[in-house]
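Sequences listed follow chains D and F, in order. Sequence positions in the first sequence follow our numbering and run 1 to 401. Sequence positions in the second sequence follow our numbering and run 1 to 249.
No lab work stands behind these hints, which were simulated from the structure alone. A portion of the hints provided could be inaccurate.
[As the list claims (entries may be wrong)] Covered stretches of chain D (in silico footprint by chain F; criterion: 3 or more residues with CB under 8 Å from a CB of chain F, positions within the stretch not fixed):
{"no.": "1", "stretch": "26-37"}
{"no.": "2", "stretch": "114-121"}
{"no.": "3", "stretch": "314-321"}
[Unchecked claim] Derived pair list, reagent style PhoX-like, types lysine-lysine, alpha-carbon separation capped at 25 Å:
{"no.": "4", "chain 1": "F", "residue 1": "Lys121", "chain 2": "F", "residue 2": "Lys159"}
{"no.": "5", "chain 1": "D", "residue 1": "Lys391", "chain 2": "F", "residue 2": "Lys153"}
{"no.": "6", "chain 1": "D", "residue 1": "Lys2", "chain 2": "F", "residue 2": "Lys238"}
{"no.": "7", "chain 1": "D", "residue 1": "Lys228", "chain 2": "D", "residue 2": "Lys215"}
{"no.": "8", "chain 1": "D", "residue 1": "Lys391", "chain 2": "F", "residue 2": "Lys90"}
{"no.": "9", "chain 1": "D", "residue 1": "Lys321", "chain 2": "F", "residue 2": "Lys121"}
{"no.": "10", "chain 1": "D", "residue 1": "Lys308", "chain 2": "F", "residue 2": "Lys121"}
{"no.": "11", "chain 1": "F", "residue 1": "Lys222", "chain 2": "F", "residue 2": "Lys84"}
{"no.": "12", "chain 1": "F", "residue 1": "Lys84", "chain 2": "D", "residue 2": "Lys5"}
{"no.": "13", "chain 1": "D", "residue 1": "Lys139", "chain 2": "D", "residue 2": "Lys226"}
{"no.": "14", "chain 1": "F", "residue 1": "Lys102", "chain 2": "D", "residue 2": "Lys5"}
{"no.": "15", "chain 1": "D", "residue 1": "Lys186", "chain 2": "D", "residue 2": "Lys215"}
{"no.": "16", "chain 1": "F", "residue 1": "Lys238", "chain 2": "D", "residue 2": "Lys308"}
{"no.": "17", "chain 1": "D", "residue 1": "Lys226", "chain 2": "D", "residue 2": "Lys242"}
Every residue gets a Cβ at the ideal spot worked out from N, C-alpha and C, and that includes glycine.
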Amino acid sequence: MKIQKSFQMALNMVLHSRLRSWLTIIGIVLGVASVVSILAIGDGMEAEITSQFEDTGGDILTLTAGVSSAKFSRGGGSSESSSAATAEEMLITRNDYQTLNGIVDIIELNPTISGSVDIYYQGESGSVSVSGVDGAVYKEFSTTDLKDGRVLTGSDSNVIIIGDKLSEEYFERELSLNQILTIQDKAFRVVGILDGGGNSVIMPLDTAYQVLEDKVKNEYDAINIKIKDEEKLDETIELIEKKLMMSRHVDLNTKDFTISSNAALAEMRQELITTMTSFLAAIAGVSLLVGAVGVANTMFTSVLEKTKEIGIMKSIGARNKDILMIFIFNSGLIGFVGGILGAILGYLMILLLSVAGMPVVLTASNIILVVSISIIIGMISGLIPAINASKLSPVDALRSE
Amino acid sequence: MESKIKNKKIKSNINNDKPIVKLQNVSKIYQMGEVQVPALSGVSVEIFEGEFVAIIGSSGSGKSTMMNLVGCLDTPSIGEIYLKGQDISKLTESDLSTLRGKSVGFIFQQYNLLPTLSTFKNVKLPLELQEMDDDTADQRVTEVLKSVGLATKHHHYPKQLSGGQQQRVSIARCLAANPEIILADEPTGALDSVTGTEVLEILTNLWKKERKTIIMITHDLKLAKKYASKVIELKDGKIIKNVSNKQDI
């Protein structure tokens with residue numbers, strides 16, 4: 001029997017199949033739909049990270065004290081973990097700033113300090129995190145868009161930029177542009193509101209030294225570094241590390257600072273997302289596996305049901321391989337129909353998630369992959385029942401009712 | 001006078017040179033648990049091209065076993081079966097299927113049509129199994145359906161047809177591949193007498209006009225005497241009578 005005729009016979013069997021076959025198909029549909037949507041969610045998250053990475057730029061590095069593999073962090077200072085070296089050695093200071101300033105591959109530097117402060121606004125109080133930045137270069141390093149107002153400039157002193165939550169939700173009355181917020185008994189005028197940023201407060205570095213009392217002038221929690229050539233990221237990091245090790249009188253073993261890049265951070269997050277997506281896809285894969293067991297079960301029953309028909313076909317000249325092909329195509333078709341319907345259901349789920357604001361990306365290659373897997377699973381599940389069917393003795397098969 | 005003419009015509013149909021089917025000391029034993037049940041014991045018979053052979057016997061006499069063996073649906077436990085000169089016990093499963101598809105046509109008591117295929121597709125199936133090209137197959141199916149009076153029933157499904165019509169579809173399917181041998185297992189068993197007669201008339205026509213070799217299983221001696229040119233009677237798996245018709249049955 002020609003392949004296409006075997007296929008037509010199998011299609012005829014699926015079209016005339018009973019409710020049980022359709023229930024099996026539903027099992028596959030649910031498995032495929034969940035795999036498709038999980039892959040789309042994973043891809044969506046990855047795409048968002050990539051776009052965040054593009055927003056922040058891969059050309060920004062951050063210098064912090066301590067090494068990232070260390071076990072404890074310094075209270076009140078940088079939230080980065082630090083090394084087991086003494087506190088004195090772990091500071092980032094004006095010296096480091098100057099060392100960095102001398103490197104030609106660096107365009108801008110933004111020394112920052114941060115800490116927790118008490119705030120007051122129209123009789124209400126609270127505690128938020130404040131960051132001090134170099135107003136002159138802040139624009140170059142800012143990763144969050146402004147919703148309202150302006151960014152800091154080099155000549156600013158008692159002004160602040162605040163996060164959207166602090167502006168809209170923190171206090172009973174909205175803290176809007178040009179309002180005065182009291183921080184540590186000093187008055188600050190809001191000049192900009194970020195589109196994001198939570199409850200944070202950003203102010204010029206010099207002013208921050210005044211409100212963050214434990215901070216010492218010319219000592220920083222971090223220095224943000226904007227490099228000239230993003231393509232030479234690794235070389236530049238190497239160069240910076242070399243210069244800093246020289247100026248800080250440390251070697252690779254006693255290194256007491258960390259340079260982290262947005263690119264590395266993004267890569268790390270991407271790896272995390274990939275791991276998470278793989279894990280979720282594996283769980284969804286289990287439901288596909290359950291579907292496969294369903295296909296095998298249906299095919300075994302189908303062979304039992306169709307024993308007589310197999311006998312008839314053998315009596316009119318069907319060879320074992322003809323019967324085998326028909327049943328393999330039959331189970332493959334169950335996988336295919338389940339795969340296609342599952343992809344459609346998955347697509348609808350993705351649409352819903354996307355309407356709900358979840359980042360999702362549906363790629364044709366994912367759909368093709370999942371539907372192909374579904375067909376292969378169907379065929380493999382149907383293989384043993386198909387072999388059983390093909391080996392039936394025509395006499396015994398004809399005798400069955 | 002009429003009977004003499006008929007016998008003459010019958011004789012002219014039969015080619016006595018070489019048997020188309022030959023069973024040589026054939027036994028078939030079924031294993032039922034620990035017990036061996038002989039269904040056929042030492043059967044030897046020759047059937048020549050153009051014969052209309054009726055195999056009669058009561059239930060359990062071995063009729064169906066003999067038909068299955070002749071139709072290459074089963075192989076003997078002992079002995080040899082030659083179909084068109086080929087020893088079927090030496091053929092592979094695939095060759096046996098091909099031989100069955102091309103040389104033997106089955107007509108069953110319960111018609112055995114595939115319920116999910118239309119009349120046309122049921123009849124076309126043996127040709128598809130032989131990988132015949134679609135146009136030739138379609139033409140052949142149209143011809144055979146017309147020959148059994150079902151030219152207008154191409155798109156009907158088995159359940160939409162009467163018993164007699166279903167048996168005619170079964171005959172058309174059997175004829176589609178133009179086999180030399182037609183094996184009919186109680187072809188009228190499920191039909192009323194009028195429809196049964198119509199079916200037997202079709203078989204007689206095939207025998208007379210198309211020179212088919214027909215082997216019909218029946219328990220009805222009258223039918224055997226009326227239509228067959230040779231009657232073989234089985235009892236307990238053995239041939240107890242093998243006589244040409246119009247003689248001593």
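Quick rundown of the hints versus the structure:
1. A count of 0 residues in the stretch 26-37 of chain D with a Cβ less than 8 Å from any Cβ of chain F is obtained; the coverage claim is therefore unmet, three being the minimum.
2. For the stretch 114-121 of chain D, the stated coverage by chain F is not satisfied: 0 residues place a CB nearer than 8 Å to a CB of that chain, which falls below the threshold of 3.
3. Here the stretch 314-321 of chain D counts 8 residues with a CB under 8 Å from a CB of chain F, which clears the bar of 3, and the coverage holds.
4. With a C-alpha separation of about 14 Å, the suggested pair lysine 121 of chain F and lysine 159 of chain F falls inside the 25 Å cut-off, and the hint holds.
5. At most 25 Å may separate the alpha-carbon atoms for a hinted pair to count; lysine 391 of chain D and lysine 153 of chain F exceed this at roughly 34 Å.
6. Among the hinted pairs, lysine 2 of chain D with lysine 238 of chain F is inconsistent with the structure: their alpha-carbon atoms are about 42 Å apart, more than 25 Å.
7. A C-alpha spacing of about 30 Å is found between lysine 228 of chain D and lysine 215 of chain D, which places the hinted pair above 25 Å, so the restraint is violated.
8. Our distance criterion of 25 Å between C-alpha atoms is met by lysine 391 of chain D and lysine 90 of chain F, whose separation comes to about 18 Å.
9. Taking the CA atoms of lysine 321 of chain D and lysine 121 of chain F, the gap is near 20 Å; set against the 25 Å cutoff, the hint holds.
10. Distance hint between lysine 308 of chain D and lysine 121 of chain F is fulfilled; the C-alpha atoms sit about 18 Å from each other, no more than 25 Å.
11. For the given pair, lysine 222 of chain F sits about 30 Å from lysine 84 of chain F by alpha-carbon distance, which is inconsistent with the 25 Å threshold.
12. Pair hint lysine 84 of chain F plus lysine 5 of chain D does not hold up; C-alpha atoms about 29 Å apart against a cutoff of 25 Å.
13. Using a Cα cut-off of 25 Å, the hinted pair lysine 139 of chain D and lysine 226 of chain D holds, with the two alpha carbons roughly 12 Å apart.
14. With a C-alpha separation of about 18 Å, the suggested pairing of lysine 102 of chain F with lysine 5 of chain D holds against the 25 Å cut-off.
15. This hinted pair checks out: lysine 186 of chain D and lysine 215 of chain D have alpha carbons roughly 17 Å apart, not beyond 25 Å.
16. With a CA separation close to 29 Å, the supplied pair lysine 238 of chain F and lysine 308 of chain D exceeds the 25 Å bound.
17. Among the hinted pairs, lysine 226 of chain D with lysine 242 of chain D is consistent with the structure: their alpha-carbon atoms are about 17 Å apart, no more than 25 Å.
Violated hints, in rising order: 1, 2, 5, 6, 7, 11, 12, 16; the structure is consistent with all others.
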